[in-house]
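Chains as they are written, first to last, in my numbering: chain A, 6 to 433; chain B, 41 to 325.
Hint data in this document are derived by calculation from the structure and do not stem from the laboratory.
Don't be surprised by glycine CBs; every beta carbon is placed ideally from N, CA and C.
Where hints are given, some of them may not hold.
[To be verified] A few chain B positions that, by computed beta-carbon distances, are all more than 12 Å from chain A: (1) A52; (2) A57; (3) R84; (4) G100; (5) C185; (6) D210; (7) A222; (8) Q239; (9) T253.
[Unchecked claim] Where chain A lies over chain B, by a calculated footprint (3+ residues, C-beta under 8 Å): (10) 154-162; (11) 261-274; (12) 286-297.
Residues per chain are reported as follows:
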Amino acid sequence: MNEFNWILALFRTVGVLAMMSAAGLACWLLSDRQFPKRVSAVFGWLLLIVLWGLGGYALISRYALGLGAVTNLSDQFPWGIWKALVLCGIAFAAGGFLTACLVYIFRIRMFYPILRPVVLAAYLSYMLSASGALLVDLGRYHQIWRPIFYWQHHSVLFEISWCVMLYTGVLSVEFAPIVLDRLGWMRVSRFVHTITVPFVICGVILSTLHQSSLGSLFLIVPTKLLPLWYTPLLPIFFFLSALISGFAMAIFVSALTFWTFRQPLEPRVLTSLAKGMTPLLLVYLFLRVADLTARNAWVYVFRCPLQGLMFTIEMLLLTLPLFVVLKTRWSGRRRWAFAAAIPVVTGVILNRLNVAWIGLLPATGSHYFPSWIEITVVLNLVSFGVVIFGLAARYLPLFEHPDIGGHHAPGATADMTAIGPLEVSGHV
Amino acid sequence: MISRRKFFQAGATSALAVLGARRLFAEPQVDPNGCAGVLVDLTRCIGCRACENACRVRAGFGPLPTAAIGYGAGDGKLSFHTRTFIDFRNGGPKLKQPVKRQCMHCLEPACVSVCPVAALEKTAAGPVVYHENICIGCRYCILACPFSVPKYEWDNALMPRVGKCDFCADRQAKDQSPACVASCPTGALKFGKRGGLLQEAKARLDSQPNRYTSIYGEDIVGGTSWIYVSDTAPEELGFPPGLPNEPLPSLTWKAISKLPFVVIGVGLMLSAIVRWRTRNGMEQP
Numbered sequence: 006m007n008e009f010n011w012i013l014a015l016f017r018t019v020g021v022l023a024m025m026s027a028a029g030l031a032c033w034l035l036s037d038r039q040f041p042k043r044v045s046a047v048f049g050w051l052l053l054i055v056l057w058g059l060g061g062y063a064l065i066s067r068y069a070l071g072l073g074a075v076t077n078l079s080d081q082f083p084w085g086i087w088k089a090l091v092l093c094g095i096a097f098a099a100g101g102f103l104t105a106c107l108v109y110i111f112r113i114r115m116f117y118p119i120l121r122p123v124v125l126a127a128y129l130s131y132m133l134s135a136s137g138a139l140l141v142d143l144g145r146y147h148q149i150w151r152p153i154f155y156w157q158h159h160s161v162l163f164e165i166s167w168c169v170m171l172y173t174g175v176l177s178v179e180f181a182p183i184v185l186d187r188l189g190w191m192r193v194s195r196f197v198h199t200i201t202v203p204f205v206i207c208g209v210i211l212s213t214l215h216q217s218s219l220g221s222l223f224l225i226v227p228t229k230l231l232p233l234w235y236t237p238l239l240p241i242f243f244f245l246s247a248l249i250s251g252f253a254m255a256i257f258v259s260a261l262t263f264w265t266f267r268q269p270l271e272p273r274v275l276t277s278l279a280k281g282m283t284p285l286l287l288v289y290l291f292l293r294v295a296d297l298t299a300r301n302a303w304v305y306v307f308r309c310p311l312q313g314l315m316f317t318i319e320m321l322l323l324t325l326p327l328f329v330v331l332k333t334r335w336s337g338r339r340r341w342a343f344a345a346a347i348p349v350v351t352g353v354i355l356n357r358l359n360v361a362w363i364g365l366l367p368a369t370g371s372h373y374f375p376s377w378i379e380i381t382v383v384l385n386l387v388s389f390g391v392v393i394f395g396l397a398a399r400y401l402p403l404f405e406h407p408d409i410g411g412h413h414a415p416g417a418t419a420d421m422t423a424i425g426p427l428e429v430s431g432h433v
Numbered sequence: 041m042i043s044r045r046k047f048f049q050a051g052a053t054s055a056l057a058v059l060g061a062r063r064l065f066a067e068p069q070v071d072p073n074g075c076a077g078v079l080v081d082l083t084r085c086i087g088c089r090a091c092e093n094a095c096r097v098r099a100g101f102g103p104l105p106t107a108a109i110g111y112g113a114g115d116g117k118l119s120f121h122t123r124t125f126i127d128f129r130n131g132g133p134k135l136k137q138p139v140k141r142q143c144m145h146c147l148e149p150a151c152v153s154v155c156p157v158a159a160l161e162k163t164a165a166g167p168v169v170y171h172e173n174i175c176i177g178c179r180y181c182i183l184a185c186p187f188s189v190p191k192y193e194w195d196n197a198l199m200p201r202v203g204k205c206d207f208c209a210d211r212q213a214k215d216q217s218p219a220c221v222a223s224c225p226t227g228a229l230k231f232g233k234r235g236g237l238l239q240e241a242k243a244r245l246d247s248q249p250n251r252y253t254s255i256y257g258e259d260i261v262g263g264t265s266w267i268y269v270s271d272t273a274p275e276e277l278g279f280p281p282g283l284p285n286e287p288l289p290s291l292t293w294k295a296i297s298k299l300p301f302v303v304i305g306v307g308l309m310l311s312a313i314v315r316w317r318t319r320n321g322m323e324q325p
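Starting from the given sequences, assemble the full structure and let the hints guide the process.
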């Protein structure tokens, strides 16, 4: 036993050091290959280095000791925040299929510039939540490939795992031009462009399927999920809220990236997205209220204090943006579009947490709260996404687009002609 | 761009294919009367825990520790190592009615329907069995089971397993009764065909209305292979409240079975939009 502990300590040390160096390297690359000069930058570096160091410790512990030792999961409460992160991340990634749909299917020119950043954010959110979190969460993570060969078409999870695999491929095709342009492989890039539209259609279909299926996951627990959230309409609610979160995420991501990297962006891009989000939000809220009333579920707001509180916060977060957007003198300003997007993103994420965690507590008689290792892993996965996105924005032609005046990312070949979605599939 | 005729042809063909496939994919039904079952007569149970001991021995976890043997002792819950136990916490504050807990072996089990890799299987003979070499460890079965039966080997870092009663499927294949039934000294457990046991349960209720008041397992979640008769209401015996008589997998199947139509509908709609937005080879503003 002592020997084992010695080996574990060695692995932990190596893991922590490796992750800390990776964090240092990432910070160095992010700050343009320079060491920090200002105090705030030093603080940022330290934060990431400490977080990833803790993440190294957490990951080594999880794989060495197993789920029981490092998480607060139990037989009473088998799904924790790692599974909830899958739900949240996939809902957040909805912006990708939505923007791709607006650009490639509806061909709305205004949204061309935000396509690349939003698709990249969706791709990262998708990879890290669906594949990343599952690799940590599955008891037998090394058998994650099993659904490819062992079919069980009655299982929602089987369908979701196939959607995840296929949609990762679709996102890769949507994302490939960014890398191919950077590498200067124009012929490959052009070929990828010709197959993009069918892939986008597949992507929208797959997203419709698995966004709703994430809701269907919980149809099987009518007695365990609190009636505030359990309804036969769960798949429809999950799809609608994913669509809404897609609009909000597109606003959120494009506003943040275009402002952070000081790129020009037409204000109407953001405000149009905010306006597109509003009717869907109204329909969603109306359906939620009608459904709760029809099932007589309002009593649970008062019967379970914690759940009632979380439900109220969720509904407030989703109602708040309506007031912001419906004020016409505000809606013309993009900062208000941004202000409307934040509560929507938060509200949808809270909805997923409520369904996968808070709403399951009373009936299972559990008091699950994630352990520090579970929380650290979640924060790490999120920070991986942010860092990779930052690196991509710095080193890939993320803002490359004929419509926005040909900004070239540092290091990109100057005579490179960016191929916009206009030329896609030879429709021009 | 494909022609309009081809477009509709493709739509119609895929719709037909889906309808055909749905018939092929229909759930194989287990014979509710012919499959194996156990009749648990709680009025005959004395809480001796011989079944618990026999189960542990048969599953290879060793006999009950001597200190744990006794009325009401033990950790009193199902776990990875405890596939069955006698639950003494029921029947109201005064009456301590012992209730045997184990997998109910539903006729249409939620755990089987949710498993993404078919690691759980409802065999035609009756038992719901777990194929541990297929399992990926998603733990959906643990969440989905209405009776909270499957448990997890949380301390296994590499190959954790799900632990649940398998109705001694191996013993049944050799024409033996399950270990717990074989060990019961009072005849509280009776092994047989489910249909016959259900008839007998009803006969006991009819002939001794003072002794028996309830049957549990006939209709609940579509029926279970294990059937309980007792003088106490099922809710007071600690069975989960609010379960429907509809099999739980059908709740999910209602959603899943519509997916092919979503695929075709969304696909046709999007293709139509692409066609509309690029008609005459022109980009629309």
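Here's how the hints hold up against the structure:
No beta-carbon of chain A comes within 12 Å of the beta-carbon of A52 (chain B); the shortest separation is about 18 Å. A57 (chain B), annotated as away from the interface, keeps every beta carbon of chain A farther than 12 Å; the closest lies near 15 Å. The beta carbon of R84 (chain B) sits about 29 Å from the closest Cβ of chain A, which is more than 12 Å, so the claim that it is off the interface holds. Separation of G100 (chain B) from chain A is adequate, the least Cβ-Cβ distance of about 20 Å exceeding the 12 Å criterion.
Annotated as non-interface, C185 (chain B) brings its C-beta within 12 Å of a C-beta of chain A; the closest such distance is 9 Å. Distance check for D210 (chain B) against chain A: the nearest CB is about 22 Å away, which clears 12 Å, and the non-interface claim stands. No Cβ of chain A approaches the Cβ of A222 (chain B) within 12 Å, the least distance being about 27 Å, so the stated non-interface status holds. Under the 12 Å C-beta cut-off, the non-interface status given to Q239 (chain B) relative to chain A holds; the minimum distance is some 29 Å.
Non-interface call for T253 (chain B) relative to chain A: holds, since the shortest CB-CB distance, roughly 23 Å, exceeds 12 Å. Counting residues of the stretch 154-162 of chain B whose beta carbon lies closer than 8 Å to any beta carbon of chain A gives 6, which meets the minimum of three for the stated coverage. With 0 residues having a Cβ less than 8 Å from any Cβ of chain A, the stretch 261-274 of chain B misses the three-residue criterion, and the hint is violated. Chain A is given as covering the stretch 286-297 of chain B, and this holds because 8 residues of the stretch bring a CB closer than 8 Å to a CB of that chain, at least three being needed.
In this structure, the hints that do not hold are numbers 5 and 11, in rising order.
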